[in-house]
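Quick note on numbering: the sequence shown equals residues 1 to 332 in the working numbering.
Where hints are given, some of them may not hold.
[To be verified] Cross-link-like lysine to any residue pairs, in silico, SDA-like; alpha carbons within 20 Å at most:
no. : residue 1 : residue 2
1   : K312      : K298
2   : K33       : V69
3   : K78       : V68
4   : K312      : V5
5   : K166      : G189
6   : K168      : R141
7   : K168      : G295
8   : K228      : T249
9   : K312      : G50
10  : K312      : R49
11  : K312      : G295
12  : K33       : R108
13  : K2        : L25
[Unchecked claim] Restraint-style ranges between C-beta atoms, simulated for each label pair:
no. : residue 1 : residue 2 : range
14  : S143      : S177      : 26 to 34 Å
15  : L25       : E283      : 20 to 28 Å
16  : G169      : P21       : 48 to 56 Å
17  : L316      : D200      : 25 to 33 Å
18  : L265      : G211      : 29 to 37 Å
19  : G73       : P9        : 27 to 35 Å
20  : G211      : F53       : 48 to 56 Å
21  : E71       : K168      : 18 to 26 Å
22  : K306      : E138      : 33 to 41 Å
23  : R141      : S177      : 27 to 35 Å
24  : V81       : N256      : 58 to 66 Å
25  : W291      : E70       : 25 to 33 Å
In short, the hints are calculated from the structure, not lab data.
Remember, it's a predicted structure, so these values are computed and weren't measured experimentally.
Just so it is clear, CB atoms sit at the ideal spot from N, CA and C, and this is done for glycine as well.
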Amino acid sequence: MKAVVMTAPGNPDVLQLRDLPLPSLGSRELLVKLKAAGVNPIDTKLRGRGTFFPDKMPAVLGCDGAGVVEEFGANVTKFRVGDEVYFCNGGLGGHQGNYAEYTTVDERFAARKPKYTSFAEAAAAPLVLITAWEALYERGRLSPNERVLIHAGAGGVGHVAIQLAKLKGASVCTTISSQEKARYTQELGADLAINYKQNDFVKAVLDWTNGEGVDVAFDTVGGETLQKCFPAVRVYGDVVTILEPDKNTIWKVARNRNLRISLELMLTPMLQGMIETQQHQAEILEQCATWIDEGKLKIDARHQYKLSEAAKAHDLLETGSITGKIILLTES
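Take the sequences, apply the hints, and build the full model.
Here it is in structure tokens:
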């Protein structure tokens, strides 16, 4: 099979298309002929600094995948040949990732692909859907009629976070960097789009909430953004970040406002081998597939490349501030 192999840590040029043998199939695993693979920031970080398993090089990156079951292990009960699936599995340097024509996935970690969406859109979805779901629904405990601030609403995680918040019955404000992105996020359901380059987003949030602040702030940017959002959150509110807090973060405002700070890393179950939690993440994808099929949730997979163009896809992602997701089409 063809696969994009990371030969060593470094720039995008270390991603090379090679021939690899088909992965071996475990008793509870599916052999999936991949149609598309998602490209996420974790991929570029691992490519640049090295994977979580440096002794297992070269590596195939890519956590997100979508494709068709071609074979299954003796103890598989949920899926059969021809079933269309999507999932977040592998790609961290241990289990093979999805920048390939084939991969294997434990049936417990796979979900049925949404019926009425493309493989590209399905492959764009798993990591960002699970991240936004866990951040808003589980870490932030978002409830109906609450108000939420979502940073970078036009991005991969942001664009699905807006939709999940609206499905919960919340009011949403989001930060964006252009009028085009303002229109885009409002089409997704955002009640207020704040151009952070032109406006103080904290003042805009406080004006929007009559001086109280939002119930939940979701930081998808990191750096100083985390600290800046503290005064925009109501007393006893929630702040969730998907980035490691900067060592220079000043926590005084957060402490004085009794904010609950949560960290979200949806990769933890995969890294820790937490089977039940990985099963729960597959259940999240099953529910989201239903919403996608009902037209309640949309995935933006506008940036599509061939498998052989993985380096170009990484180059684009590292420019920053793109709208939607980047996909590799694994079929030539």
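Right, here's what the structure says about each hint:
{"no.": "1", "hint": "K312 x K298", "in the structure": "violated (25 Å)"}
{"no.": "2", "hint": "K33 x V69", "in the structure": "holds (6 Å)"}
{"no.": "3", "hint": "K78 x V68", "in the structure": "holds (14 Å)"}
{"no.": "4", "hint": "K312 x V5", "in the structure": "holds (14 Å)"}
{"no.": "5", "hint": "K166 x G189", "in the structure": "holds (7 Å)"}
{"no.": "6", "hint": "K168 x R141", "in the structure": "holds (10 Å)"}
{"no.": "7", "hint": "K168 x G295", "in the structure": "holds (15 Å)"}
{"no.": "8", "hint": "K228 x T249", "in the structure": "holds (9 Å)"}
{"no.": "9", "hint": "K312 x G50", "in the structure": "holds (19 Å)"}
{"no.": "10", "hint": "K312 x R49", "in the structure": "holds (18 Å)"}
{"no.": "11", "hint": "K312 x G295", "in the structure": "violated (32 Å)"}
{"no.": "12", "hint": "K33 x R108", "in the structure": "holds (18 Å)"}
{"no.": "13", "hint": "K2 x L25", "in the structure": "holds (18 Å)"}
{"no.": "14", "hint": "S143 x S177: 26 to 34 Å", "in the structure": "holds (29 Å)"}
{"no.": "15", "hint": "L25 x E283: 20 to 28 Å", "in the structure": "holds (24 Å)"}
{"no.": "16", "hint": "G169 x P21: 48 to 56 Å", "in the structure": "holds (50 Å)"}
{"no.": "17", "hint": "L316 x D200: 25 to 33 Å", "in the structure": "holds (30 Å)"}
{"no.": "18", "hint": "L265 x G211: 29 to 37 Å", "in the structure": "holds (33 Å)"}
{"no.": "19", "hint": "G73 x P9: 27 to 35 Å", "in the structure": "holds (33 Å)"}
{"no.": "20", "hint": "G211 x F53: 48 to 56 Å", "in the structure": "holds (50 Å)"}
{"no.": "21", "hint": "E71 x K168: 18 to 26 Å", "in the structure": "violated (39 Å)"}
{"no.": "22", "hint": "K306 x E138: 33 to 41 Å", "in the structure": "holds (36 Å)"}
{"no.": "23", "hint": "R141 x S177: 27 to 35 Å", "in the structure": "holds (29 Å)"}
{"no.": "24", "hint": "V81 x N256: 58 to 66 Å", "in the structure": "holds (59 Å)"}
{"no.": "25", "hint": "W291 x E70: 25 to 33 Å", "in the structure": "holds (28 Å)"}
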